[in-house]
Amino acid sequence: MRRLSVIVLLIAVLVTMSFGAITLTMVETITSPARTELLRQLLDEFEATHPGIKVELISPPYESSDQKLIMMLNTKQKVDVFEVRDNFLAIHVNNKNLLDLTEFVKQWDGWNDLLDLTKTAATKVEGKTYYIPYGFFIKALFYRKDILEKNNIPVPQTMQELYEYAKKLTVPSEGKYGFAFRGGASEHSFSEIVIMSYVPNIDPRADRGYLTTDGVPYHDTPGAVEGLKMWIKLYNDCSPKDSLNWGWAEQVNGFVSGMTPFLIQDPDTVPIVERRLGDPNLYGVAPMPVGPHGKVYLDYGNAGWGIASYSKYKNEAWELVKFLSSPEVNAKFSQLNGTIPNCRSAFADPYYSTGPYRAWYEELTNPDKYIFYERPVHMSGFPAYAEKHKNDIQNIILGKKDLNQAVKEWAEFWKKEYGIK
Amino acid sequence: MVKDRKFIFFMILPSFLFISIVTFLPAIRSVFMAFQDYNMYFLTKKFIGFENFTDAFSDPIFVQAVKNTAVWVLLSLLLQFTLGFSLALLLRKPFKGRGVYTALVFYPWAVSGFVIGLQWRWMFHGSAGVINDLLLKAGLIKERIAFLSDPHYALYSAIVANIWYGIPFFAIMLLAALQSVPQELYEAAKIDGANAFRQFINITIPYVKPVIINTTLIRFIWIVNFPDIIFSMTNGGPAGSSHILSTLLISKVYNEYNYGVASAIGVIIMLILVTYAYFYLKFSRTEGGF
Chain E
148 MRRLSVIVLL IAVLVTMSFG AITLTMVETI TSPARTELLR QLLDEFEATH PGIKVELISP
208 PYESSDQKLI MMLNTKQKVD VFEVRDNFLA IHVNNKNLLD LTEFVKQWDG WNDLLDLTKT
268 AATKVEGKTY YIPYGFFIKA LFYRKDILEK NNIPVPQTMQ ELYEYAKKLT VPSEGKYGFA
328 FRGGASEHSF SEIVIMSYVP NIDPRADRGY LTTDGVPYHD TPGAVEGLKM WIKLYNDCSP
388 KDSLNWGWAE QVNGFVSGMT PFLIQDPDTV PIVERRLGDP NLYGVAPMPV GPHGKVYLDY
448 GNAGWGIASY SKYKNEAWEL VKFLSSPEVN AKFSQLNGTI PNCRSAFADP YYSTGPYRAW
508 YEELTNPDKY IFYERPVHMS GFPAYAEKHK NDIQNIILGK KDLNQAVKEW AEFWKKEYGI
568 K
Chain F
19 MVKDRKFIFF MILPSFLFIS IVTFLPAIRS VFMAFQDYNM YFLTKKFIGF ENFTDAFSDP
79 IFVQAVKNTA VWVLLSLLLQ FTLGFSLALL LRKPFKGRGV YTALVFYPWA VSGFVIGLQW
139 RWMFHGSAGV INDLLLKAGL IKERIAFLSD PHYALYSAIV ANIWYGIPFF AIMLLAALQS
199 VPQELYEAAK IDGANAFRQF INITIPYVKP VIINTTLIRF IWIVNFPDII FSMTNGGPAG
259 SSHILSTLLI SKVYNEYNYG VASAIGVIIM LILVTYAYFY LKFSRTEGGF
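Protein chains in written order, with this note's numbering: chain E, 148 to 568; chain F, 19 to 308.
Some clues are possibly wrong.
Each computed DSSO-like pair below joins lysine-lysine, with the alpha-carbon atoms no more than 30 Å apart [stated by the list, open to error]:
no., chain 1, residue 1, chain 2, residue 2
1, F, Lys160, E, Lys223
2, E, Lys314, F, Lys114
3, E, Lys535, F, Lys63
4, E, Lys225, F, Lys155
5, E, Lys297, E, Lys266
6, F, Lys63, E, Lys243
7, E, Lys253, E, Lys243
8, E, Lys225, E, Lys297
9, F, Lys63, E, Lys563
10, E, Lys562, F, Lys63
11, F, Lys63, E, Lys215
12, E, Lys469, E, Lys201
13, F, Lys160, E, Lys297
14, E, Lys275, F, Lys64
Everything labelled a hint here was simulated from the structure, so no lab data went into it.
Could you build all of it, start to finish, from the sequences and the hints given here?
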């Protein structure tokens, strides 16, 4: 009996060794049911074209997915391919959990098709390719066509116009406002667009985030102070009171209900806005209004696919990353995900060259007006800064903090982080 | 006897091991983390003495959170208890449809704290919320109040939600206790000429006192450690004005990735609760509670 079971076991081991498929473990972090479903379909396609490779997809709940992934990586659990978000890139590299893909990329045709922005993002740490971004979150201005037409208001081209038009639309007694202010979590990625557009000389280089070309933090420069005042005017004169603590859901709700017809948002808001409005003619998306110097600085949030440094199946994992980064798969994924695709050939698709996405195309192809920079999310002080920025702006509006004091503190914060005397 | 003891020890061992691994180990680990430079950017885990604690204490939001925790716990507990007890007294006497009514009353207890937070967040919404709408229609206010964006209202809005959530707990526990009071005692008291108030003070209260002590103790600890509602309603905002210690702890982890300071706050919460439980039990024991 015992001998029999040993033989059976041996055979089983041999069979799995010779025919056994390799199983790649992939972890996504920006999870949503619809996206997980699409990813699974794409992975099924991959499995069909790559016999011998199976992919197991792990999709932790969004609220704690990043923490969970970092925990898995730090405890060296089986992960081969994972979603790399730009704000966690530095963490993954510092913890030596990301594989340097430079050698793989050299032999990959797809590299040349990538947008310049994709290449910049992919190689921003030490010039090494640690991940292949699948797309970008870039802000643009959403507006309610119907409401603007009714009030005879054009689409604003500058921040000053945005303020004036929004103010015209604001009638608090009727529950009408102009602007969907963002005061809650992640407010910095909204307020800073307006604030920085008043600064003439932001340094766009990746390792110089938040510095001007003079090498100092932008925060307490005269332009930034003016910009901050504009941001606060947008709240005081054009936004509902409770927007002081608004997050994404309230912003979108205000826009869809018609309460706040101007909204600054990312491309992933397009499908939701369209679905909830039920009519694509009710809204439009315009490139971000520019500041008094004729330009605006936009951060390019992004995420992509990377390979765990300790993966046993690095070659197979690269096959999967290559597959996910190919134009057809990327276009399919971007449409559902709402991100701006990562390569040139995707923009030939009418889905991206017309309609709301046209605004982002404008932004991507007019480098004099729309300047892409990177927030210093890779620096360890960043999360604390973001939290402080949010609290300080709320306190300024509540009259509990002096504006000039706040900008000084922000500048000091970054001087310390950069070691500038 | 000795053999019995061995047997008992043997039977307890698995659960003891299990609890040690899932409860005590992480708790001890978090105490260590409170003294380490533990953040997600650099896993140096260097020991830095009391720096995390001084960091926490020097943060004005921490000080605010300590005050808020006191308000949050005391108001929530007091009103949850009073309303829960009243409800239990009402439900004690049989009436038609009591079963259905009881089930409805107990319903909030079955809902997750996050969901409750989300529901109340929309109800308190400054422009589209039903509460503003009702107050306006009743003529109690002239313009809408931004409940969750105004530091004067944010914490109290969350307390309202928490009270709503916690009433059933006291109602369930106290109703069970009330039903165990022997009816003869009331009959005897009635013959002795005691009115309803005296019956309540001299019979009901002494009988349910152990349950009152136990439930308020447990509930106190739960409310201190219950960030769900505040987290989903205000996220501690605006400007940190509605943080309690446990939501501040979460914010340190999720917004700032700073596990060291978060653990320090965790240790502070633990110390507060241990001290509270010690004195509470000591006090109630001398009163003859347990």
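The hints, checked one at a time:
1. Distance hint between Lys160 (chain F) and Lys223 (chain E) is unfulfilled; the C-alpha atoms sit about 59 Å from each other, more than 30 Å.
2. Taking the CA atoms of Lys314 (chain E) and Lys114 (chain F), the gap is about 59 Å. The hint is violated against a cut of 30 Å.
3. Among the hinted pairs, Lys535 (chain E) with Lys63 (chain F) is consistent with the structure: their alpha-carbon atoms are about 24 Å apart, no more than 30 Å.
4. Proposed proximity of Lys225 (chain E) and Lys155 (chain F) is contradicted: the alpha carbons are some 59 Å apart, above 30 Å.
5. For a cut-off of 30 Å, the pair hint linking Lys297 (chain E) to Lys266 (chain E) is broken: about 43 Å separates their Cα positions.
6. Of the supplied pair hints, the one linking Lys63 (chain F) and Lys243 (chain E) holds, its CA atoms being roughly 16 Å apart against a limit of 30 Å.
7. Restraint check: the Cα-Cα separation between Lys253 (chain E) and Lys243 (chain E) comes to about 22 Å, which is no more than 30 Å; the hinted pair holds.
8. Restraint check for Lys225 (chain E) and Lys297 (chain E): the C-alpha separation of about 57 Å exceeds 30 Å, so the hint is violated.
9. Among the hinted pairs, Lys63 (chain F) with Lys563 (chain E) is consistent with the structure: their alpha-carbon atoms are about 22 Å apart, no more than 30 Å.
10. In summary, the hint linking Lys562 (chain E) to Lys63 (chain F) is supported, as the alpha carbons are separated by about 25 Å, within the 30 Å threshold.
11. Among the hinted pairs, Lys63 (chain F) with Lys215 (chain E) is consistent with the structure: their alpha-carbon atoms are about 19 Å apart, no more than 30 Å.
12. Using a Cα cut-off of 30 Å, the hinted pair Lys469 (chain E) and Lys201 (chain E) holds, with the two alpha carbons roughly 16 Å apart.
13. Among the hinted pairs, Lys160 (chain F) with Lys297 (chain E) is consistent with the structure: their alpha-carbon atoms are about 29 Å apart, no more than 30 Å.
14. This hinted pair checks out: Lys275 (chain E) and Lys64 (chain F) have alpha carbons roughly 29 Å apart, not beyond 30 Å.
Hints 1, 2, 4, 5, 8, counting from the list given before, are not met by this structure.
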